[in-house]
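Asks: What follows is each chain in one-letter form.
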Amino acid sequence: MLEIILFYIAATVALVSTILAMTRANAIHALIYLIVSLLAVAVIFYLIGAPFVAALEIVIYAGAIMVLFVFVIMMLNLGAKGDAREKTWMRPSVWVGPALLTIVLFAELLYVISSAEGPVSTGVVGAKQVGLSLFGPYVLAVEIASMLLLAGLVGSFHLGRRYLDRAPSSELGHQQEGE
Amino acid sequence: MSELMPVLLALTILVGGVSLAAVITWWERRLLGFWQDRLGPNRLGPFGIGQVAADMIKLLFKDDWVPPFSDKVVFIFAPTAIVVAMMMGFAVVPFAPNTYILDVNIGLLFFLGMTSLAVYSVLLGGLASNNKYALLGGLRSAAQMVSYEVFMGLSLMGIVMMTGSFSLVDIVEAQADTWFCFSQTLGLVVFVVSGIAESHRLPFDLPEAEHELTAGFHTEYGGMKFAMFMLGEYLGLILISCMIVTLFFGGWMVPALIYDWLPPFIWFSVKVFLVICFFVLLRAAIPRPRYDQLMSLGWKVMLPITLINLLVTGAILLKMKGA
Amino acid sequence: MENQYANEIWPLAIYFGMVIMLVVTMLALSWVLGQKRREAATNDPFESGVVSVGGSQIRISVEFYLVAIFFVIFDLETLFIFAWAVAFFELGWAGYLSITVFIGVLVLALVYQCRSGALEWGNKTRTGLREDQLTTGEST
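Protein chains in written order, with this note's numbering: chain A, 1 to 179; chain B, 1 to 323; chain C, 1 to 140.
To be clear, the hints were calculated from the coordinates, so they are not data collected in a lab.
The structure displayed is predicted, hence computed values, not measured ones.
Every residue, glycine too, gets a C-beta built ideally from N, C-alpha and C.
Heads up, a few of these hints could be off.
Unchecked claim - Cβ-to-Cβ under 7 Å is the rule here; a few derived chain C residues that face chain A:
1. E39
2. V50
3. V51
4. S52
5. I60
6. Y65
7. L66
8. A83
9. V86
10. E90
11. G95
12. S98
13. V101
The shape of chain A in the complex, shown without the other chains (with noise of 0.2 Å):
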């Protein structure tokens, strides 16, 4: 009975959160709703039986991506005049179509697992569990994770280098950084 009361708790936190995000002007508004709404899809791993997910959503996600995120948004650091262009963005003849195609989706998917038979968590699954199964016959997938990684690593260094090769005059951050 008190699973069940978090869940939905949980979960209704999660919808609120997730369209708060999607319609706010303000991008670092709709981060802090988006950090909210993957905290509680935390709490639903949790409560489903997978705790070692639920620990990585708040570590990776939360913590990490979220982070990253934050700090492109400091970066491009538009101010008011970002949020006045982004709401010119939102119209409904934007966001009109795609949302009711959504729906259609939506109505698809529910229809289909409602008809699916079985429960919904088989257990609990836990840390231990899941190193076990990466380290035994998915291993080669974790050495291809991290092939990809150093590529993504490279990759974004070459891609911010440009940036850091720019001599320091002409770049009015690195004045104003100057430490």
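Assemble chains B and C onto chain A, guided by the hints.
Replies: Relative to chain A, chains B and C alone:
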């Protein structure tokens, strides 16, 4: 009765945490005064402990000012985030046998997650203030915190390998024979360094370096909201100390060779107190590094050390088990 | 969804509620008790006594973005190490071998970062720059 226990415990942790954080501000100033050959606050009450209450009253009556040029909602949200995140971190700390709010098999990851959420407070505080100094201070602080967060988790993996669990209760119980500070000395050093950087205390308090960035990310903050940043910082200090004791110094376990004549919680508190004093000593003894030195220390020294520690620990453990 | 986790989590939910209440009380108390004083310069941004010029929409150097990217990538790699560490004894030497390869790639990334100067703070020592480029950069 057993239903009420967690509620009482939660209340105790809440009140205890906040008052301890307040008392530490006084204790730190007294200790610093002692080490620097001066008095420190000594006027109000015995040994000046009344200073804590005086500071609190003063902060309550300060102007609750929200800058008109700031992003007001985020401005108020930022200091609450660090207090909530740090307070939530205490939920997994086992203070004594069966005395914890939550014992889950992801306890350690929960702690790491909460410390990683504390970054937002700094980032959002700096951004919402709409002040150049605050923005730069916030960015510097956040870059420092995320850099040191990478190996904060890694430095603890040696312990996880030996215990085979993320549960903090399991980790404490695994230290019944030997504390992990002997077998994981490198991990301890790295964790202490990253802990200081995470709670951005001296010597790693560059984000608040007065001579460069006025007060860093909390330049525009005053009164209670400033006090909440400070509360968050001191709660972070206590939390890190609690974690160091839990992970490396046997938690509530009694030190070897000493006859067990005190309850476990007292042992835990004594150890935490000593670790906090050590952090204050660090503040008194070590000068502040330069920002680029701080960053390269993290990436070029600490991270490789952690990885080597991990591989060596793994090899030794497997060898011992195989033999 | 019958598992013991939900029963363990309710003290946490109560504790979370209490923390939120504490924070709200602190903010509300200072809002009620705090003095309200507005003077000529109260609502100006504080910049060490200098009158603020321009907005705070300054450009930030790209190092911060790089640090954030590196952080995300390394944090993702630590996740795999977490999963390995917790199942360490069960995985044995086979797991040790695969994590050695994994950490090897990680170290490779780190070495690359160090060699290419991605971790240098301040842009003069970057090896991607030739000496003549450096001088022209500074003279302009």
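Asks: So, as I understand it, the hint says S52 (chain C) touches chain A; can you test that by seeing if any CB pair is closer than 7 Å?
Replies: violated (14 Å)
Asks: Would the hint on E90 (chain C) stand, with a C-beta cut-off of 7 Å toward chain A?
Replies: holds (6 Å)
Asks: When the nearest CB of chain A is found for V86 (chain C), is that gap smaller than 7 Å?
Replies: Hint holds; V86 (chain C) Cβ to chain A Cβ min 5 Å, cut 7 Å.
Asks: Let me know if the C-beta of E39 (chain C) comes in closer than 7 Å to any C-beta of chain A, holds or violated.
Replies: Nearest chain A Cβ about 26 Å off; hint violated.
Asks: Restraint: L66 (chain C) near chain A, CB-CB cut 7 Å. Satisfied or not?
Replies: holds (5 Å)
Asks: Can we keep the I60 (chain C) interface hint, with Cβ of chain A closer than 7 Å?
Replies: holds (5 Å)
Asks: Does V50 (chain C) meet its interface restraint, that is, does its C-beta lie within less than 7 Å of any C-beta in chain A?
Replies: Because about 15 Å separates V50 (chain C) from the closest Cβ in chain A, which is outside the 7 Å limit, the hint is violated.
Asks: Should the interface hint for V51 (chain C) be scored as holding, given a Cβ-Cβ cut-off of 7 Å against chain A?
Replies: Because about 17 Å separates V51 (chain C) from the closest Cβ in chain A, which is outside the 7 Å limit, the hint is violated.
Asks: Are V101 (chain C) and chain A close enough, Cβ to Cβ, to be under 7 Å, as the hint says?
Replies: Hint holds; V101 (chain C) Cβ to chain A Cβ min 6 Å, cut 7 Å.
Asks: Does the nearest C-beta of chain A fall within a distance shorter than 7 Å of the C-beta of S98 (chain C)?
Replies: At about 5 Å, which falls below the 7 Å cut-off, the nearest Cβ of chain A leaves the hint on S98 (chain C) intact, so it holds.
Asks: Would the hint on A83 (chain C) be counted as holding, given a Cβ-Cβ threshold of 7 Å to chain A?
Replies: This interface hint holds because 4 Å falls under the 7 Å limit.
Asks: Does the interface hint hold: is Y65 (chain C) within less than 7 Å of chain A, judged Cβ to Cβ?
Replies: Given a least distance of 6 Å, the restraint on Y65 (chain C) holds.
In this structure, the hints that do not hold are numbers 1, 2, 3 and 4, in rising order.
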